[in-house]
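As you go down the protein sequences, you meet chains W and R in turn. With the first letter of the first sequence counted as 1, position 86 gets the number 959 in our numbering; the numbers rise by one all the way through. With the first letter of the second sequence counted as 1, position 120 gets the number 198 in our numbering; the numbers rise by one all the way through.
Think of the hints as simulated: they come from the structure by calculation, not from any bench. Predicted model only: the values in this text are computed from it and were never measured. Mixed in with the good hints there might be a few duds.
Covered by chain W, per the in silico footprint, the following chain R stretches (three or more residues, Cβ under 8 angstroms) [what the hints assert, rightly or not]:
{"hint": "1", "region": "174-182"}
{"hint": "2", "region": "235-244"}
{"hint": "3", "region": "267-274"}
{"hint": "4", "region": "332-339"}
The calculated lysine to aspartate or glutamate pairs, modelled on EDC-like cross-linking and capped at a C-alpha distance of 20 angstroms, are [as the list claims (entries may be wrong)]:
{"hint": "5", "chain 1": "R", "residue 1": "K196", "chain 2": "W", "residue 2": "D979"}
{"hint": "6", "chain 1": "W", "residue 1": "K972", "chain 2": "R", "residue 2": "D199"}
{"hint": "7", "chain 1": "R", "residue 1": "K442", "chain 2": "R", "residue 2": "E394"}
For each residue, glycine too, the CB sits at the ideal point set by N, CA and C.
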Amino acid sequence: MKSIVAGLIGLAMCAGPSTAAQDSNPCGLAESAVGAVFPMPRAAKAIEQTGQLTVLVVGAGSSALPGPDGAARAYPARLQVALAGKWPAVKVKVITDVKPRRTAADMLTGLGAVLSAVKPSVVVWQTGTNDAVAGVDPDAFNAALDRGVTRAHAAGADLVLMNTQYSPRTETMIAVGVYGDIMRSVALHREVSLFDRFSVMKTWSELGIFDLRSAANKLDTAQRVHDCIGRLLADLLAEAISRRAGDTNKN
Amino acid sequence: MPAAVVPERDLRLDLFRGLALWLIFLDHIPSNVVSWITIRNYGFSDATEIFVFISGYTAAFVYGRAMLDRGFALASARILKRAWQIYIAHIFLFAIYMAEIAYVTRSFDNPLYVEEMKVLDFLKQPDVTIIQALLLKFKPVNMDVLPLYIVLLLWFPPILWLMLRRADLALGVSVLVYGAMWWFRWNLPAYPSGVWYFNPLAWQLLFVLGAWCALGGAKRVRGWIRSPVALWAAGVYLVLALAIVLTWYFPRLAPLIPHWLAEVIYPIDKTNLDPLRILHFLALAILTVHFVPIGWPGLKSAIFRPAILCGQHSLEVFCLGVFLSFAAHFVFTEISNRVVVQVLVSLVGIVLMIAAATLAAWYKRVERRGSDSPPPGSRAGLAGGEA
């Protein structure tokens, strides 16, 4: 699978991919588990024309890690490293707009300003957790996502949705299912990619790759989880960007 | 105007409600490998539809007879009494839930889940939380069915009154409410925000449809239900639904769904009982009625006895199932979530549900034998139509 994807990227990118860092598979996951992929023509064009890829991560608390080196260890920073490894010739920049406790509607409020300040070609929108915690009306959540996609596209950026984390300990407390379903349905409707963080983390937990049940404060596990999320997200972006419009069924 | 005929009891109702109770239990255990066998993974509808429909059917069966024999006031009083019992059961479960999560989260300090832990903020203001729970506005995860049921019962006396006179009109009113709910986006408010997970204005349709079938509706549409056209349509629909559901589990298949189709069908709304879910349930029902006819001798066999018993004591078994699903989650997080443990916990849970149903059946039998004249309502209890 990796080589097929690498081939596809090679076809689309003059720069050509670097697969050196991908030899072993520390994240232990088939790419097919990562989510739904749709083409990203805006990002592909930006890379082709400017040699730059600016990614804006809009998210809430689960896009960050605590601690002094939290920012460097959280998945947005890891994404930048992984993307730079894939395309050494492209100037990759990942900028974050991450503040805890925000619902999709909260993030939407500031989205316009951030978009015009950063001018990204890809927006990664991590959301759903706080909507589920607060029990936001599913219709309102759906509408917020929809508007966010429209706004990102209008600002010339492709968008990737990222759903909630898999959190075994709070499973009987937060009903994330409805919000996950809505994110999947918006992704299909609007033909934007979905990074299915929930399924990815659940698979890790089931395979015993990461112990996510632990109650204790294990910062190193959290950091490795974020590192893998960054890598897999980079894989998804690479595949989506390398696809041409109408190419959606290629695997 | 002749009143609707209240028919003989149908063991299939108990059987499938019992099975639905087991499936609901399995589905309520988070991340349970055994829940892969439940029907929600193979189509649009799940065990909730079965449970609500059969509950409407049996409620009409039991309270319909009471309303014919004893009048509107007494039957209504019995329905309200039942709603009160369910309310008490719900609050009891809420107390257990609070204890469980307070324990599970006491030492919870994982840097990955700083955001998720905010859900526990409600523990910081127990006064507000408890009052909102008593108002049925604050409903923990998987504790939405009983509040739905309470509202359905509150709405049932006038519907039943009408149904005993003009069954089709009552069903028409129900459809109208469902339609208005979609049009105006009506739902009841929840706490801390949002709306009810099971919108009673939507789900009443299945409940009333069950009642309509019980009071003669099923007889009238029998010819249509048994026609080859209906069978084929049901079969084809189930296969198509399965194909679509597969794309949820294999996300790479998702783009295979034509854009226009995704546009039409998504989101398949559980809260407002999406028409696709109703159709899926009806398709299942049509095939079930075809393959398991009413007089099927297998219904009396020992294999189905446990499920039938559970179906006949549905309130007790349902509540126990909710408690057991909390207990199972507790075992998974505190002790082990290995696959063998998941299977074992699921099996033990179902055995305990069967044991509770057996105990309830035994008690009812003994009670009855003890007194010459059965207390009012015991007949209804035997029929299991009250929950």
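Each hint tested on the structure:
Given as covered by chain W, the region 174-182 of chain R passes the check, having 4 residues with a CB less than 8 angstroms from a CB of that chain where 3 are the minimum. Given a C-beta distance limit of less than 8 angstroms, the hint that chain W covers the region 235-244 of chain R is violated, as 0 residues qualify and 3 are needed. As drawn, the region 267-274 of chain R meets chain W at 6 residues by the rule of a beta-carbon pair under 8 angstroms; at three or more, the given contact holds. Figure legend: the region 332-339 of chain R, annotated as covered by chain W; annotation consistent (5 residues with Cβ-Cβ distances under 8 angstroms, at least 3 required).
At roughly 16 angstroms between alpha-carbon atoms, R/K196 and W/D979 fall within 20 angstroms of each other, so this suggested pair holds. Between W/K972 and R/D199, the direct Cα distance comes to roughly 18 angstroms. Compliance with the 20 angstroms bound is thereby established for this hinted pair. Of the pairs offered as hints, the one joining R/K442 and R/E394 holds, with about 13 angstroms between alpha carbons and a cut-off of 20 angstroms not exceeded.
Figure legend: structure checked against the earlier numbered hints; the only hint not met is number 2.
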